[in-house]
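Start counting the sequence shown at 55; every next residue gets the next number (this note's numbering).
Derived from the structure by calculation, the hints contain no laboratory data.
Predicted model, so just to flag it, every value in this text is computed and none were measured.
Don't take every hint at face value.
[To be verified] Mimicking EDC-like on lysine to aspartate or glutamate, the simulated pairs with C-alpha atoms at most 20 Å apart in a straight line are:
#, residue 1, residue 2
1, Lys234, Glu321
2, Lys347, Glu94
3, Lys258, Asp446
4, Lys258, Glu94
5, Lys347, Glu321
6, Lys258, Glu448
[To be verified] Now the in silico label distances, taken between C-beta atoms and shown as ranges:
#, residue 1, residue 2, range
7, Thr249, Lys392, 16 to 24 Å
8, Tyr497, Ala187, 31 to 39 Å
9, Ile297, Gln236, 28 to 36 Å
10, Val468, Ile188, 37 to 45 Å
11, Ala232, Asn323, 53 to 61 Å
12, Arg286, Ile108, 54 to 62 Å
C-beta: ideal position from N, C-alpha, C; glycine also.
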Amino acid sequence: MESNSGKHLKKELGVFSGISLVAGMTIGSGIYYLGSYVLERVNMSMGMALVCWIVGGIVSILGGLCFAELGAEMPVTGGMTTYLAKAYHPLAGFVNGFSGFLLTASGSIASLALAAVTPFQEEFAFSEPVTKAIAIGLIVLFTIINLRGIKTAAAIQNISMVLRLVPLVLVIVLGVFAGKNQPDLSPATAFTTDTPPTFFNIVKVIGYATFASLWAYEGWTNLNTVAGEMKRPKRDLPLAIIISMGGIMLIYTLFNFAVYRIIPQAEVNSMIADGNIYLGKTAAFNVMGNFGKWIVLIGMAVGIVGTVNGDCLVFPRTYYAMARGGFFFKKCGEVNDKGVPAFAIIASSAMSIILVLFNSLQQLTDWLVTVSALLNLMAIFAVLIFRKKYPDMERPYKVWGGIPVIILTCLLFVVLLVNNFVEDPLTSAKGLIIIALCIPFYYIFRKLNGGMEYDTDKIDN
Numbered sequence: 055m056e057s058n059s060g061k062h063l064k065k066e067l068g069v070f071s072g073i074s075l076v077a078g079m080t081i082g083s084g085i086y087y088l089g090s091y092v093l094e095r096v097n098m099s100m101g102m103a104l105v106c107w108i109v110g111g112i113v114s115i116l117g118g119l120c121f122a123e124l125g126a127e128m129p130v131t132g133g134m135t136t137y138l139a140k141a142y143h144p145l146a147g148f149v150n151g152f153s154g155f156l157l158t159a160s161g162s163i164a165s166l167a168l169a170a171v172t173p174f175q176e177e178f179a180f181s182e183p184v185t186k187a188i189a190i191g192l193i194v195l196f197t198i199i200n201l202r203g204i205k206t207a208a209a210i211q212n213i214s215m216v217l218r219l220v221p222l223v224l225v226i227v228l229g230v231f232a233g234k235n236q237p238d239l240s241p242a243t244a245f246t247t248d249t250p251p252t253f254f255n256i257v258k259v260i261g262y263a264t265f266a267s268l269w270a271y272e273g274w275t276n277l278n279t280v281a282g283e284m285k286r287p288k289r290d291l292p293l294a295i296i297i298s299m300g301g302i303m304l305i306y307t308l309f310n311f312a313v314y315r316i317i318p319q320a321e322v323n324s325m326i327a328d329g330n331i332y333l334g335k336t337a338a339f340n341v342m343g344n345f346g347k348w349i350v351l352i353g354m355a356v357g358i359v360g361t362v363n364g365d366c367l368v369f370p371r372t373y374y375a376m377a378r379g380g381f382f383f384k385k386c387g388e389v390n391d392k393g394v395p396a397f398a399i400i401a402s403s404a405m406s407i408i409l410v411l412f413n414s415l416q417q418l419t420d421w422l423v424t425v426s427a428l429l430n431l432m433a434i435f436a437v438l439i440f441r442k443k444y445p446d447m448e449r450p451y452k453v454w455g456g457i458p459v460i461i462l463t464c465l466l467f468v469v470l471l472v473n474n475f476v477e478d479p480l481t482s483a484k485g486l487i488i489i490a491l492c493i494p495f496y497y498i499f500r501k502l503n504g505g506m507e508y509d510t511d512k513i514d515n
């Protein structure tokens, strides 16, 4: 290893790699089971569920457009950690990065590794220790791959993105062209005489169900993390976000519609009541038998494994940025002969393995969404702060629609967060606890750093 001044991250990512990275970190396990959770939150109304998937996609696209401005004006490795530190206070950036290390980022890798194996438990009767051992093996495998250089990891991401679309496209084609059901797509079925469709109830139902869909869309924030490794970030970054998230919203909406065309409403209700939440697998089985089921199972595994690879690629860049700013373990701010932050990758994977060992898939996923949504809101509002704080900063891309779109996006996130806190206060409180736990570590690292603040100027442009 050489010092930070001797080696730097390589600029090797193009627009297709950017699209692949966003799609690879977004299209994973969520689309296959979150449809059940969305349905539960809208009183099993298929029409309202589709509305919520579209709203979730629109919120994510708007957020992505705001993030694209941040990434284009500051194409630095570290992404949101750097933005929050410069916009608010070094503590805000640290909380984003360290909460990721403690739970949200490492927990994402851990939960995805477990989710890659879980659908096969029924087929092969895996015990819990075997499931966890395979999950750890996947993390170790992609750690080794990412240590070999970003080009290798990005190539795997490109291939896995194409392969993971196969089961989704299969279900969509089967449902749209071979589905025999005519589902009731009226959103009004989400309401009853006890909960009439008043404005308040409409916002409440859509907000609560849309919040469940956001985990399936999570991934649009992460391309900015490797902006410093893109060949032409000012052009390619917003292009990659817009193309990838627009396409993902269309795929998710069509996938759920196709499932409704194949599986009757009564069967969907019965499956979810029995805890059988993987509707896509059943949809393929109903049309193509075991062959269809296995295509979806393998496609799910490929998609989730590709997301693990993407997470192992992206998240360590945040710890690299923090270390270069003086607020993480110093070794994590170094790069190896392949031009990648090796110690940061190893630290990220080690924490993920610890979370696999001591937590279940459900425990991990319960903690993630609230923290991510809150930090995303702060980053989106940072666009306005940067325009006021740094008016002369070069902005090759500005949010389409200007300030009204930025304010609208912020308000949408506020409504979703407040509504979720009202509907599920315990999970929301857990997210706030994680944020609070990060604060003492900020002052510990600050003391170790000689009392200096988080120095964003040390991060590679």
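Hints, verified against the model:
{"no.": "1", "hint": "Lys234 with Glu321", "result": "14 Å, holds"}
{"no.": "2", "hint": "Lys347 with Glu94", "result": "24 Å, violated"}
{"no.": "3", "hint": "Lys258 with Asp446", "result": "41 Å, violated"}
{"no.": "4", "hint": "Lys258 with Glu94", "result": "14 Å, holds"}
{"no.": "5", "hint": "Lys347 with Glu321", "result": "17 Å, holds"}
{"no.": "6", "hint": "Lys258 with Glu448", "result": "40 Å, violated"}
{"no.": "7", "hint": "Thr249 with Lys392: 16 to 24 Å", "result": "57 Å, violated"}
{"no.": "8", "hint": "Tyr497 with Ala187: 31 to 39 Å", "result": "38 Å, holds"}
{"no.": "9", "hint": "Ile297 with Gln236: 28 to 36 Å", "result": "33 Å, holds"}
{"no.": "10", "hint": "Val468 with Ile188: 37 to 45 Å", "result": "40 Å, holds"}
{"no.": "11", "hint": "Ala232 with Asn323: 53 to 61 Å", "result": "22 Å, violated"}
{"no.": "12", "hint": "Arg286 with Ile108: 54 to 62 Å", "result": "31 Å, violated"}
Of the numbered hints stated above, those contradicted by the structure are hints 2, 3, 6, 7, 11, 12, listed in ascending order.
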